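Position 22 of the sequence shown, counting from 1, maps to 22 under the UniProt record's numbering, and the rest follow consecutively.
Worth flagging that the hints you see were computed from the coordinates, not collected in a lab. Everything numeric in this text was worked out from a predicted model, so none of it was measured. Every residue, glycine too, gets a C-beta built ideally from N, C-alpha and C. Among the hints, erroneous ones may be present.
Quick list of in silico lysine to aspartate or glutamate cross-link-like pairs, EDC-like style, CA-CA up to 16 Å [what the hints assert, rightly or not]:
hint, residue 1, residue 2
1, LYS192, ASP222
2, LYS142, GLU170
3, LYS97, GLU130
4, LYS77, ASP116
5, LYS174, GLU147
6, LYS97, ASP262
7, LYS192, GLU170
8, LYS174, GLU208
Derived DEER-like restraints, expressed as beta-carbon distance ranges [what the hints assert, rightly or not]:
hint, residue 1, residue 2, range
9, ALA47, GLY206, 40 to 48 Å
10, PHE274, ASP178, 43 to 51 Å
11, ALA275, GLY237, 47 to 55 Å
12, GLY256, ALA124, 20 to 28 Å
13, ARG144, ARG2, 33 to 41 Å
14, GLU96, PRO189, 31 to 39 Å
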Amino acid sequence: MRIFDPHIHMTSRTTDDYERMAAAGVRALVEPAFWLGQPRTSPASFADYFDSLIGWEPFRAGQFGIRHHATIALNPKEANDPRCRPVLDLLPRYLEKDGVVAVGEIGYDSMTPEEDEAFAAQLALAVAHELPAMVHTPHRDKARGVERSLAVVRESGIDPGRVVLDHLNEVTVKLVRDTGCWLAFSIYPDTKMSPPRMVELLRAYGTERMLVNSAADWGRSDPLLTRATAEAMLDAGFSADDVDRVLWRNPVEFYGQSGRLDLSDLDLADAGTFAGNSILRGGS
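Use the sequences and the hints to build the structure in full.
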């Protein structure tokens with residue numbers, strides 16, 4: 001079984017997680033830029049973070065044969081902080097980098113005027129840089145947030161087939177299904193979606209334009225829930241081809257629109273170091 005996790009925050013995960021993911025069949029992933037939990041105080045801290053997403057994390061993932069890609073953006077929560085707004089001026093430089101396969105996460109947290117402006121500006125960047133866009137739908141008042149997100153997407157002029165709306169559920173899937181956008185679902189231990197609930201949505205809506213991710217981060221989450229969802233699909237009677245479509249071919253098709261997806265095999269014998277550092281600790 002091959003798995004492509006289209007949304008996971010490996011910055012907040014341990015190297016042991018990479019090892020476990022590789023053993024579970026994860027061969028590729030996308031790490032979206034997001035809020036780190038601690039408020040950042042200047043654009044310079046974002047520059048260092050973005051550099052790690054296109055440098056250190058691909059190196060760390062590569063030690064276990066996993067291809068790492070990133071999406072870059074000013075996230076919705078920090079779009080409200082005036083100290084962070086100049087980050088929008090940094091983005092064009094990073095959106096030209098190899099391994100950056102979309103603009104994201106963008107969208108809404110609290111649906112403020114500041115978030116409106118940052119969302120529209122970053123969709124315009126996606127169009128200008130010919131990149132897909134990953135839209136974060138808010139955790140509160142989700143249905144209204146999805147409706148508002150879809151309106152902004154329509155106003156932007158971006159091809160809806162180059163947009164994925166993430167963190168959907170049973171209520172919001174109906175709002176997105178016939179828009180031409182892609183649909184993404186985050187599988188969590190306690191909140192968001194679970195493997196059994198995801199299976200029921202796949203039964204009802206099919207496998208076309210459907211993405212399943214772990215969205216694992218610094219909160220209670222599990223980077224192996226993509227594998228658990230694949231196994232739940234098989235147990236429910238879905239074919240191995242259905243699983244491969246949802247867990248591999250769909251994310252490849254969506255992010256492949258960037259022209260920057262690299263799914264070639266990694267040479268683990270030539271792991272080397274990054275900036276003079278390795279992931280090894282102790283020993284000789």
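Original post:
What hint numbers does the structure not satisfy?
Top reply: none
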